[in-house]
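Visitor: The lines below spell out each chain.
Number of protein chains: 2
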Amino acid sequence: MRLSQSFARTTKTISADEQSLNAKLLIQAGFIHKEMAGVYSYLPLGYRVLENIKQIVREEMNALGAQELAMSALQPQENWQATGRWDDELVDIWFKTELKNGQNIGLGWSHEEPMLLLAGKVAQSYRDLPIAVYQMQNKFRNELRSKSGIMRGREFLMKDMYHFARNLEELEAFYTRVQEAYFKVFERVGLKKLTFLTYASGGAFTDFSHEFQCLAESGEDTIYIDRSKKLAVNEEVYTDEVLNSLGLKKEELEQAKASEIGNIFNFKTTKAEQMGICFTDEQGRRQPMFLSSYGIGVSRLMGVIAELFNDDKGLIFPLSVAPATIYMIAIGGKETIKVSEKLYNTLTERGVAVIYDDRAVRPGEKFADADLMGIPYRVVLNDSTSASGRYEVKGRTESEPKHMDLKALIELSTSAMVK
Amino acid sequence: MRLSQSFARTTKTISADEQSLNAKLLIQAGFIHKEMAGVYSYLPLGYRVLENIKQIVREEMNALGAQELAMSALQPQENWQATGRWDDELVDIWFKTELKNGQNIGLGWSHEEPMLLLAGKVAQSYRDLPIAVYQMQNKFRNELRSKSGIMRGREFLMKDMYHFARNLEELEAFYTRVQEAYFKVFERVGLKKLTFLTYASGGAFTDFSHEFQCLAESGEDTIYIDRSKKLAVNEEVYTDEVLNSLGLKKEELEQAKASEIGNIFNFKTTKAEQMGICFTDEQGRRQPMFLSSYGIGVSRLMGVIAELFNDDKGLIFPLSVAPATIYMIAIGGKETIKVSEKLYNTLTERGVAVIYDDRAVRPGEKFADADLMGIPYRVVLNDSTSASGRYEVKGRTESEPKHMDLKALIELSTSAMVK
Numbered sequence: 000m001r002l003s004q005s006f007a008r009t010t011k012t013i014s015a016d017e018q019s020l021n022a023k024l025l026i027q028a029g030f031i032h033k034e035m036a037g038v039y040s041y042l043p044l045g046y047r048v049l050e051n052i053k054q055i056v057r058e059e060m061n062a063l064g065a066q067e068l069a070m071s072a073l074q075p076q077e078n079w080q081a082t083g084r085w086d087d088e089l090v091d092i093w094f095k096t097e098l099k100n101g102q103n104i105g106l107g108w109s110h111e112e113p114m115l116l117l118a119g120k121v122a123q124s125y126r127d128l129p130i131a132v133y134q135m136q137n138k139f140r141n142e143l144r145s146k147s148g149i150m151r152g153r154e155f156l157m158k159d160m161y162h163f164a165r166n167l168e169e170l171e172a173f174y175t176r177v178q179e180a181y182f183k184v185f186e187r188v189g190l191k192k193l194t195f196l197t198y199a200s201g202g203a204f205t206d207f208s209h210e211f212q213c214l215a216e217s218g219e220d221t222i223y224i225d226r227s228k229k230l231a232v233n234e235e236v237y238t239d240e241v242l243n244s245l246g247l248k249k250e251e252l253e254q255a256k257a258s259e260i261g262n263i264f265n266f267k268t269t270k271a272e273q274m275g276i277c278f279t280d281e282q283g284r285r286q287p288m289f290l291s292s293y294g295i296g297v298s299r300l301m302g303v304i305a306e307l308f309n310d311d312k313g314l315i316f317p318l319s320v321a322p323a324t325i326y327m328i329a330i331g332g333k334e335t336i337k338v339s340e341k342l343y344n345t346l347t348e349r350g351v352a353v354i355y356d357d358r359a360v361r362p363g364e365k366f367a368d369a370d371l372m373g374i375p376y377r378v379v380l381n382d383s384t385s386a387s388g389r390y391e392v393k394g395r396t397e398s399e400p401k402h403m404d405l406k407a408l409i410e411l412s413t414s415a416m417v418k
Numbered sequence: 000m001r002l003s004q005s006f007a008r009t010t011k012t013i014s015a016d017e018q019s020l021n022a023k024l025l026i027q028a029g030f031i032h033k034e035m036a037g038v039y040s041y042l043p044l045g046y047r048v049l050e051n052i053k054q055i056v057r058e059e060m061n062a063l064g065a066q067e068l069a070m071s072a073l074q075p076q077e078n079w080q081a082t083g084r085w086d087d088e089l090v091d092i093w094f095k096t097e098l099k100n101g102q103n104i105g106l107g108w109s110h111e112e113p114m115l116l117l118a119g120k121v122a123q124s125y126r127d128l129p130i131a132v133y134q135m136q137n138k139f140r141n142e143l144r145s146k147s148g149i150m151r152g153r154e155f156l157m158k159d160m161y162h163f164a165r166n167l168e169e170l171e172a173f174y175t176r177v178q179e180a181y182f183k184v185f186e187r188v189g190l191k192k193l194t195f196l197t198y199a200s201g202g203a204f205t206d207f208s209h210e211f212q213c214l215a216e217s218g219e220d221t222i223y224i225d226r227s228k229k230l231a232v233n234e235e236v237y238t239d240e241v242l243n244s245l246g247l248k249k250e251e252l253e254q255a256k257a258s259e260i261g262n263i264f265n266f267k268t269t270k271a272e273q274m275g276i277c278f279t280d281e282q283g284r285r286q287p288m289f290l291s292s293y294g295i296g297v298s299r300l301m302g303v304i305a306e307l308f309n310d311d312k313g314l315i316f317p318l319s320v321a322p323a324t325i326y327m328i329a330i331g332g333k334e335t336i337k338v339s340e341k342l343y344n345t346l347t348e349r350g351v352a353v354i355y356d357d358r359a360v361r362p363g364e365k366f367a368d369a370d371l372m373g374i375p376y377r378v379v380l381n382d383s384t385s386a387s388g389r390y391e392v393k394g395r396t397e398s399e400p401k402h403m404d405l406k407a408l409i410e411l412s413t414s415a416m417v418k
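First to last, the sequence lines map onto chains W and H. 0 is the number of the first residue of the first sequence in numbering that gives the first Met the number 0; add one for each residue after it. 0 is the number of the first residue of the second sequence in numbering that gives the first Met the number 0; add one for each residue after it.
Pulled out of the complex, with its shape left as it was, chain W reads as follows (with noise of 0.2 Å):
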């Protein structure tokens, strides 16, 4: 894309009222637009790298066979009668609405309820099961406080996956793979090694919850961590009980602040019992289905990604989920403009994705703005290096250039890509 014709802009003036870092970031570098507190819209750097993202998650959860579709945001009543779950004592976070008629619909938080009776249409026998869904969809939640930029959105953007089974062995096979899934979407975002699976409070259904917890100073989540188990436990069940029940010792741990990136929930048949959501068995016999929850929030991680990655010239996005592999600049005459224009539409013709800073504005700007938006490399183009054929590239964390031809620029950007 040629930044003098982008819907971009960086910016050095953010609102005082923005405190979260991952925001002030984002929004300087022209990716993000506060809307209200807890409410931002994607600029299109932004959302490229919101569907990078995306795009990661949804290969690993088709890669367990689960199948995408997209559920509605809007929620009758009904349907969240029969678990409780409308009443806002029990779930304070609904935005609630209503038809013309008067009818009480709410936003959708989450969609166990409306998934299950769905799943009670499909899947009605025990031949259909088991089976795995997932959509990545927009949730709403009227969170009192909103203060955490994109990393707690009352509007964000959610991977919420359901898995129904005929028993708890292949509700517990699932649930397996999937942590396995979790953190190889984890890996390839670049926050493997910061994240831990947490042992979190289990609520009415079972033990424990799993969530997955990345270290972040900004994070809302108090962990205690084994780093050599690569276990942790959230403060919620820290207790004694809960250590020894896990092998872990209160003196091999450390206290961390985390962001929950990604949870799941077992709720084993209570659902299905509370809705009256049953599978006939092979013995003709109708049984309550199994279900277990898996979510990503992926607006989040990409909000946690920002506050974990930068410095203080900007954001540094992993290759794999960067809006651009490449920002090119040139500095010079005539000769030097016609080959960045033919660099340009090569990378581009390869699928390369570049930000070309074609804007007639300093040379200074564009090297901050480079820095600001977190682009993975720098190519910059002068009369020598015109003349010469060779590049100047510099990775964003690197200090000083390296000098390469068209060859190793091409073989250096798509092989990037693939990664």
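These are computed hints drawn from the structure, not numbers from a lab. Computed from a predicted model, the values in this text were never measured in an experiment. Hints should not be assumed to be uniformly reliable.
Identical copies look the same in the list; a pair holds intra-copy or inter-copy alike.
As the list claims (entries may be wrong) - No farther apart than 25 Å at their CA atoms in a straight line, the calculated lysine-lysine pairs in the DSS-like style are these: (1) K95 with K146; (2) K393 with K95; (3) K33 with K95; (4) K23 with K120; (5) K312 with K120.
With chain W held as given, fit chain H onto it using these hints.
Guide: Chain H in isolation, oriented as in the chain W frame:
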């Protein structure tokens, strides 16, 4: 996809309150699920259709140089007050709700106001204009009645594009290009011949707005068409004065029912003046932006396609949007199953979308479901075809199958994909 492992189930029992043909057909085929009146979820096969339509729309909008982004659905009241459109008297389809602190918010039913506010920040100078952005996003409209299935939803997928210009000439040049792009979209989804550029009320802003009306008995609009000129007039502006101004003659017009699948609004500078959204021109003066907006009802397109392309056996999807190219049925012994598995893998590896009906049900049920789902080609394998190496291939609307070898089948299905 293997149908035995799919979250898809055809049904013959449709709720009695479902009145629309498109919803009946799509529910029967297992493509959508009704959550409440005017609110539908998209099951995996229906989701694929929607994604196929989205991709066609995306390609044509990108070809215009427009950039994709994503605005929030949650809308603060203050963004809609300068134009008066927060008022329920002026806009009677708002869904409104509130934050915990009592702050009023609405759900986006369109995005002119927030987009213009954003454009005012991103494009401050004449150098930044003209520019176009678009999104594909669920819109929320609190319709009094909703009886047209996915042709008029309370929650529906819309492509909305916004163009910001320095003057009327720039606006009109883009306006003309979008008309052409829209007809390309309608051609690709199979609706071009039935779609008429239609003059409709321009409201307070301009003489006319342009609608793209697709002839459909179930459409909610009445239009008067001139087939030779490929033009139409909406009944809301069907007056002698308007007909004269357009050079149309009453006696040459034909009354018809139609569904509005696209529209174009030319706001000129009205909204920018109301909201104080200006850019700095070459002389350093502040000038109001010219705004035009361009909608396509993506889920409505899917509804219209279902409504128009069907027979007494079910849906008939155009190749370009069908959830699969081939519906494969194996009838026979072990050898046939082996050949089927191989064919399924061969086609899938080549990127052909195949529904392999491997369910343990009667062949008659498989044939019926292939027709119900409207998949373009049905491929049947039995013991004699397995032995001969020639497959029985029938187009959805053909009465007799052809027999072809693997090479011909691959050619047919890959050339079909490209269309």
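Visitor: Take the hints in turn and mark each one as holding or not.
Guide: Here's how the hints hold up against the structure:
1. Proximity of K95 and K146 under a CA criterion of 25 Å is satisfied in both settings, with 22 Å inside one chain copy and 23 Å between copies.
2. In this assembly of identical chains, the alpha carbons of K393 and K95 never lie at most 25 Å apart, being 51 Å within a copy and 50 Å across copies at closest.
3. For the homomeric pair K33 and K95, the shortest alpha-carbon distances inside one copy (23 Å) and between copies (20 Å) are both at most 25 Å.
4. Taking CA atoms no more than 25 Å apart as the test, K23 paired with K120 passes between copies only; the shortest distance there is 16 Å, against 46 Å inside one copy.
5. Within a single copy, K312 and K120 get their C-alpha atoms only as close as 54 Å, which misses the 25 Å cut-off; across copies the closest is 22 Å, which meets it.
Hint 2 from the earlier list is the only one contradicted by this structure; the remaining hints agree with it.
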